[in-house]
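J.: Residues per chain, in single letters:
4 protein chains.
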Amino acid sequence: MAKLRAALVGATGLAGQQFIAALRNHPFIELTGLAASPRSAGKSYGDALRTANGMTAWFVSEPLSPETARMQVISGDALQARDYDLVFSAVEADVARELEPRLARDIPVFSAASAFRYDDDVPLLIPPVNAAHAPLVREQQRKRGWKGFIVPSPNCTTTGLAVTLAPLVERFGVKAVLMTSLQAMSGAGRSPGVIGMDIIDNVIPYIPKEEHKVEVETKKILGALDAGGAALTPHDIRVSCTCTRVAVMEGHTESVFVSLGSKATVAEVTQAMREWRGAEVARDLPSSPVRWIEVMDDPFRPQPRLDRETHGGMATTVGRVREDGVLENGFKYVLVSHNTKMGAARGSILVAEQLRAQGLLG
Amino acid sequence: MAKLRAALVGATGLAGQQFIAALRNHPFIELTGLAASPRSAGKSYGDALRTANGMTAWFVSEPLSPETARMQVISGDALQARDYDLVFSAVEADVARELEPRLARDIPVFSAASAFRYDDDVPLLIPPVNAAHAPLVREQQRKRGWKGFIVPSPNCTTTGLAVTLAPLVERFGVKAVLMTSLQAMSGAGRSPGVIGMDIIDNVIPYIPKEEHKVEVETKKILGALDAGGAALTPHDIRVSCTCTRVAVMEGHTESVFVSLGSKATVAEVTQAMREWRGAEVARDLPSSPVRWIEVMDDPFRPQPRLDRETHGGMATTVGRVREDGVLENGFKYVLVSHNTKMGAARGSILVAEQLRAQGLLG
Amino acid sequence: MAKLRAALVGATGLAGQQFIAALRNHPFIELTGLAASPRSAGKSYGDALRTANGMTAWFVSEPLSPETARMQVISGDALQARDYDLVFSAVEADVARELEPRLARDIPVFSAASAFRYDDDVPLLIPPVNAAHAPLVREQQRKRGWKGFIVPSPNCTTTGLAVTLAPLVERFGVKAVLMTSLQAMSGAGRSPGVIGMDIIDNVIPYIPKEEHKVEVETKKILGALDAGGAALTPHDIRVSCTCTRVAVMEGHTESVFVSLGSKATVAEVTQAMREWRGAEVARDLPSSPVRWIEVMDDPFRPQPRLDRETHGGMATTVGRVREDGVLENGFKYVLVSHNTKMGAARGSILVAEQLRAQGLLG
Amino acid sequence: MAKLRAALVGATGLAGQQFIAALRNHPFIELTGLAASPRSAGKSYGDALRTANGMTAWFVSEPLSPETARMQVISGDALQARDYDLVFSAVEADVARELEPRLARDIPVFSAASAFRYDDDVPLLIPPVNAAHAPLVREQQRKRGWKGFIVPSPNCTTTGLAVTLAPLVERFGVKAVLMTSLQAMSGAGRSPGVIGMDIIDNVIPYIPKEEHKVEVETKKILGALDAGGAALTPHDIRVSCTCTRVAVMEGHTESVFVSLGSKATVAEVTQAMREWRGAEVARDLPSSPVRWIEVMDDPFRPQPRLDRETHGGMATTVGRVREDGVLENGFKYVLVSHNTKMGAARGSILVAEQLRAQGLLG
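Protein chains in written order, with full-length UniProt numbering: chain A, 1 to 362; chain B, 1 to 362; chain C, 1 to 362; chain D, 1 to 362.
If we strip away everything but chain A, and leave its shape as in the complex, we get:
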């Protein structure tokens, strides 16, 4: 069977590089087009990454393959939908706002940008959590008259939180969550991202817009699609958070306080997470991990450096599950989620895999 031909827009940036690394050797998706800004167009991808002072600006740990380095970069504006079966988008929100709808007229767009996350007809998919929201893309196509559609992936800080809340919602109900994040630098990208002098021996207690994203997206992701598949009702969970930046390379740590809908014990909460298998359709996708959540008994875990790569960076690790004593049916725990794997490129690829399994793609 021929592989699906995918274009990647925003290919030279950090997020784009993560898509390239994640799609290498994918069983049914082949990256056949790399698009970037006009400045890079016409160059080989390897040359496009070379800076004035001789550096190759390739930042992910997997090496850049010679084949990819030789691919010729095209301008995002010149990208033709007819040459591809789908598009992955790693551009900034303002570029996404113009580029993604143009492409979605004809083919599916899987995007890491926030531009369309909050539109009513756009699902925000985390396959194990809300695969059931996928049919909303039909409504999106109908309403917008598109042959394709846009499916953005959630904010990276939301992903780990939503994954760990899902089994609690299913088993006990969840009324409220208060979360403090200790986020990695990679979430800020590289232009300029987090400056070394600002983060060494320091904590930055504010990440613009992040808290609002987590609060809105969590409700949307945990919400319910109505019977007709045309409208999403957000979950009525109340979410409040404080998002901070710490001197960590990759892997967001989150300190979660949660109020459940019914009584539970620490053992039951732990068991609910451990036994959770998530949506059926998401269980055996090429990018699915063995388990979505790993609960650790060692009280010093999870730690971002030790645990972020669990199951290829696709699992959320959890530890320190305890009763909270303040909230009604309150529990608290700490989670680590890989913000640039499950929380970004690989998460977006997982969504494409899910939609294909559901017959909504290609």
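One copy or two, it doesn't matter: identical chains are merged, so the pair holds either way.
Straight-line alpha carbon distances no greater than 30 angstroms define the calculated DSBU-like cross-link-like pairs of lysine-lysine that follow: (1) 43 to 209; (2) 147 to 213; (3) 219 to 143; (4) 209 to 263; (5) 147 to 3; (6) 213 to 175; (7) 219 to 263.
Hints in this document: simulated from the structure, not taken from any laboratory.
Fit chains B, C and D to the given chain A structure using the hints.
T.: Chains B, C and D in isolation, oriented as in the chain A frame:
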């Protein structure tokens, strides 16, 4: 007027060094005795700090004065109360348990150790917050038949939290607080303290016993001394926290969610903290800062590296005051408190200053 | 006596902020003009530092005074030499190339930029090392027909090296030096400077152009002005270096191997540095430290975090003086020099102080 | 073919854990005995790693296998040579001094400890560099009357230096080397190793005994075994170095200045390293990398975080090859070598593989 003669036990450790630095040039306390383990006894203080490979193990940023370096170290066991007016104690809890009562039979002991913090007749003083608890030392003397007493300083993570809660308790009442700390390495001392390989590019989500200390101590500090001065009733505030360690040298950052006893606005909460002057007796002590709390408008503050030294490390800096939306009358904010100044040695000295102002010392 | 009126160009950047901090309360220089790019012109300095998301981009540890925050920023292009007695320049090399000569036509310009460092008629002054080069500014004025002149300060990595070589050159002669630097992030500024993700858990083994600067500047600084004061002959010392970047905030560490011109012992080399007082004229300037070099006996020193602030960041600290065994009359040592104090703004102010003491300024 | 049965002494420490990780799935060596201090004896290995506060003290990135966790730890003193074919030793030098000779009476001991490195009849093997020294173990057996022998691996800082010097020695001759290291924390182990507060925002310019080890070991490794195989003549290369510690997890960076024995160009030096295949016997061992040295053109490389894992941590990466201009036939370059893989456990295993290929083992 002759200065009060103070002995310091645990003089060679990191906490002890902080006492030495903080007492240099004190207006009415003079460090006339330095005690440490028998291994150091008989050596000059400078020699006691010298390690086998030639290093001088002096770790605070203020330089070690030649006079202090020349002082002869005595063994803690050999310390005679009659030679001093008071003692500062920077020993570990297990040593404190034996040593401090022996000395307190005759003279006041101000301690950084946790050994006696939870005893009913022992006040846990933060001068601006609960100077009114000080008379409990009379009850302690009566009950134990001592001429001196023990006054421990609170856990360093509790201090910043209690300082910021105090004005809210006074003005609005506080029902509950949920806190996540991002604590500095210096809180763990140096034996071995936090190992470099464990904290670079990482977060450690657990600090043994820390959360329990914060929960119990906060209630005690905010509690009320009964009319007779013989018993403390803890505040009924409910406290839940998760304490983590980050790659910061000094200065604990805390993300606080608080449920007030009555309605308020962000402006009123901010104003309550800004206008708070604390207990009258604590306002003009030698170690008192200009203000106990500084509320910052820049949303990227407070940051531990930039703000920990505010007013000599004696002020708690606060920022990001916002409504919380989940808790009843809920607000959230971020604070930074200097864990080894206000939260340790200098805080303990401040307590001694308060007791002297109240006529309870010397 | 009226103070000298100084303008600062490049006032909003990190280097400019360091000039502002260093000139606060200067005994005879007053900062009366702050210039920056047209984008900032017309705003108060405090407003010019405020970013779109509410942050005040003030990065030096000394607080920004309210008086400075209220000063109105003017555009560098609009700066009029007649309003000032001298100018400090903290702009990038390309801006310096246009702006500094325009101002130098009328008044002295003390610059942190590299634009004119290598011109034959431009001295590169480190007051204790080569105050004797200062008369070269007369030649510069004559040749260029200027009333003012340009005196750049050396590259920050060169400064500590040249300061420690000076006593060796004077006492033993120096034939060659091989140096490896471990440089702080602050040397790279903030636009974007060193990105956090690149430096945590890492070393960057290349700093563009840095090594060439050190090699050329060291020879020039240690050179000799001819009798007529019209030409500088570089020292024939051979210099080779490798410059790297490490995860340090401030303070360059340098590992130096040096070949002396005559036999010496470790004690003599140490003594030569310890006793060195430098040029007479530089000994009691307002910014002069008690000693230019501090040699430490503790083999674990100097360390950048512990020693960079020695004598207000104006001293170079040295340790680990040993025989080398490979080079002829070879010795090796480690130095720490504060790259943004002695090695930048404060060093440039020191030069202005020297020239005034020599009657070459104002 | 039955696998060789290996015991590991010092199994619970960091170095021991690295041996366990490196020997997992080894084609012909099986770890059948784990020895540690009497405190751990009798416990399962997993239990021996568990600390009082619930942490599992397993520090290498590869997970601990359940099979290994279940193995029962024996006391080093109780270890019987007859149960094994060889021993890997990861104990401290003082323990090694007693334990290793006792075992070597009967079976070969491959050690990471420095205790016997400098004995005349003990080779210091880096297989690609000096496999030819291996027959010295016969002399060691003869002289000491042992059936086994001790082969220590070199100091981790020496390894990368010796590997890069080897092709230069072979092609051009090398007269002298001056090296400054920027060493990772893992080299210091964990008891307590490098304390976080000492290394964040800092450089430590001294590592006790390290420089002497590098100087002596480099000469020995590059030396020649005489015709009879009974004596090693050290190479007459002169070596001088300064060893520093930086805030890097793994991977030593070294800035090298080298004086060659004959004229060369940068291209020739680069080519000599690139084409070097090392000793024939070492080319296809199970732990051999594709190439021993990778020379990079990007001037910003090698960097420890990006390059330490090259070819499984067994390759030395080199960059910035330039003429030096000071030394006779002088060149300079930067290298990165994985100090706990090629420079420790995996390097020691490689030596065992070599000796087996040479018929000197089992």
